[in-house]
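**Student:** Chains as they are written, first to last, in UniProt numbering: chain A, 1 to 389; chain B, 1 to 138.
Hints are supplied without guarantee of correctness; some may be wrong.
Unchecked claim - Listed next, the in silico DSS-like pairs over lysine-lysine satisfying Cα-Cα at most 25 Å (straight line): (1) 99(B) x 2(B); (2) 2(B) x 98(A); (3) 66(A) x 2(B); (4) 100(A) x 74(B); (5) 10(B) x 66(A); (6) 318(A) x 379(A).
What the hints assert, rightly or not - Which chain B residues stay away from chain A? Per the calculated CB distances, all over 10 Å, these: (7) 12; (8) 41; (9) 42; (10) 46; (11) 80; (12) 87; (13) 114; (14) 129.
Calculated from the structure, these hints are not laboratory results. Even for Gly, the Cβ is constructed at its ideal location relative to N, Cα and C.
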Amino acid sequence: MQLTKSEEKTLDGEKGEVCQKAMEILATLGDIYNADKLIEIQSVQVAGVSYKTIGDAGIEFLNDMKGEKVRVPTQLNPAGMDLEHWEKQGVPKKFAKKQKQILEIFKEMNINIKCTCTPYLTGLPHGYGQHLAWSESSAVSYVNSVIGARTNREGGPSALAAALIGKTPNYGYHLKENRKPDITIKVEKELQNSDYGALGRIIGREVGNQVPYYILKSKPNKDELKGLGAAMAATGAVALYHIENQTPENSQFKKPKNTINVTKKQIENEYQGSKENIDLVALGCPHLSPNQLKTIEKLLKNRQTKKETWIFLPREIKNKMQNTVQNITESGAKIITDTCMVVSPLEEIGFKKIMVDSGKAATYIPSMCNAEVTYSNLKECIEVACNEN
Amino acid sequence: MKIKGRGITKGQAHGEILKTNQEISFLGGVDPNTSKITDPNHELLGQKIKNKILVFPGGKGSTVGSYVIYQLKKNNKAPKAIINIETEPIVAVGAVISKIPLIDQINIQKIPNKGKAKINANKGTIETNQNQNQNPEK
Chain A
1 MQLTKSEEKT LDGEKGEVCQ KAMEILATLG DIYNADKLIE IQSVQVAGVS
51 YKTIGDAGIE FLNDMKGEKV RVPTQLNPAG MDLEHWEKQG VPKKFAKKQK
101 QILEIFKEMN INIKCTCTPY LTGLPHGYGQ HLAWSESSAV SYVNSVIGAR
151 TNREGGPSAL AAALIGKTPN YGYHLKENRK PDITIKVEKE LQNSDYGALG
201 RIIGREVGNQ VPYYILKSKP NKDELKGLGA AMAATGAVAL YHIENQTPEN
251 SQFKKPKNTI NVTKKQIENE YQGSKENIDL VALGCPHLSP NQLKTIEKLL
301 KNRQTKKETW IFLPREIKNK MQNTVQNITE SGAKIITDTC MVVSPLEEIG
351 FKKIMVDSGK AATYIPSMCN AEVTYSNLKE CIEVACNEN
Chain B
1 MKIKGRGITK GQAHGEILKT NQEISFLGGV DPNTSKITDP NHELLGQKIK
51 NKILVFPGGK GSTVGSYVIY QLKKNNKAPK AIINIETEPI VAVGAVISKI
101 PLIDQINIQK IPNKGKAKIN ANKGTIETNQ NQNQNPEK
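Please work from the sequences and hints to get the whole structure.
**Tutor:** In structure tokens:
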């Protein structure tokens, strides 16, 4: 990869050890993937925030990266707990101490410590054709596909490096030729809400890191697209998809001949688990949008939850929608921000069987939280939450 | 015997070879405190990678794997160098932040299973003192 004179100097250590290390990470990735140069980016979203996922090694790495400030607007992925109400959430003190340490380091770097997997709902700059370096796999999928911005799937250290330098290597999904669809997906059934997560799980497993081109009988809304992309990035490594007549780049490429047909039966088979012995109903993976929160408010109106019910969303949306939040909490459900059911230490808190309406959460909970999972749609989740048995 | 590949991270090293034809997931596959391979399905299960010239096809698994490599380094349990067929970002970033010499684009079949190797990742070269008996066709 060709570096400018000033980038060379940064690599040689003229701007200090932290920037040198950041530049080394970017240059190495550029060399591996044959990037021609570094390009400027509009914003960064950094993964590797929860103490549960990065451990003490992550803290050591972040400590060594202290002393420099980020050069572009930067937000974080969910942490391992609600930063204000972690005690109520049942998070162990030792975990909380380490988690706060991590957040302090990010704060010193001038990173906005909005911890969310939906940074496109919380003001992180992004737009059609803009270059970004985002980490959270579902946010990468959303911003590439639904918005038409350009980002690769960044790991924690490479996203942080991009934030400190303000640039990223020009390869992968930054280049138009890599954004063309590889495979057509035809779906026979009209879909709604969690069906999109079910579809995403099927296609993620089938296509790995290819770019799917969907032909659908129904027109998904933005929240449904969010769920589709999140599930594909959980069972596979899909960073970008197109939907015929809908997503912004769909008409720029030829439809791939290679086709996968998805049947109604296949979608139905993705739902799993019984409604018996649920000890936690967890909603908001990825974090809820204002519309989704409103829907939950309606479903919970004049009802009381009988089971632990946790609803995950960005702190910013909680603050903006105080009436809705109050109505929901009056039902007994708890609003939790800054974290989610996948990266918080649910196994330490002691939950054994968790019910979700998210294809992504359904995929990760068994392995990351050592719990059984029941996957259904939102209405069913609310029914179970309000049911005594 | 001298083999040439692509130097990914810089540095030089000299040490004993530890080789596998299976990919390695550092998260969940390697104990950062002991350097032992802990993946129950791995052919190197129980072996320590500390101070070895670690030869494997490439990495797999979570991006948190980069942080595991870093922890190995901080605990003085890291391999001296890494050789891959095709490196991927998790291992590459782990090697960068831990300053471990890394070379890829190597046909690892050419590297003996035992013995010592001398690595120059600045030039992308690997030298092995291959035993004639092990490789009579040479």
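**Student:** All hints are to be evaluated individually against the structure, with a verdict given for each.
**Tutor:** Going through the hints against the structure:
1. 99(B) x 2(B): Since the Cα atoms of residue 99(B) and residue 2(B) sit roughly 23 Å apart, the hinted pair holds (cutoff 25 Å).
2. 2(B) x 98(A): It is violated: about 47 Å lies between the C-alpha atoms, which goes past 25 Å.
3. 66(A) x 2(B): 41 Å, violated
4. 100(A) x 74(B): 22 Å, holds
5. 10(B) x 66(A): 23 Å, holds
6. 318(A) x 379(A): 21 Å, holds
7. 12: Holds, since 17 Å exceeds 10 Å.
8. 41: Check passes; 15 Å lies beyond 10 Å.
9. 42: 18 Å, holds
10. 46: 22 Å, holds
11. 80: Residue 80(B) clear of chain A: closest Cβ-Cβ about 19 Å, beyond 10 Å.
12. 87: Nearest chain A Cβ is 6 Å from residue 87(B), so the label is violated.
13. 114: Residue 114(B) clear of chain A: closest Cβ-Cβ about 29 Å, beyond 10 Å.
14. 129: 29 Å, holds
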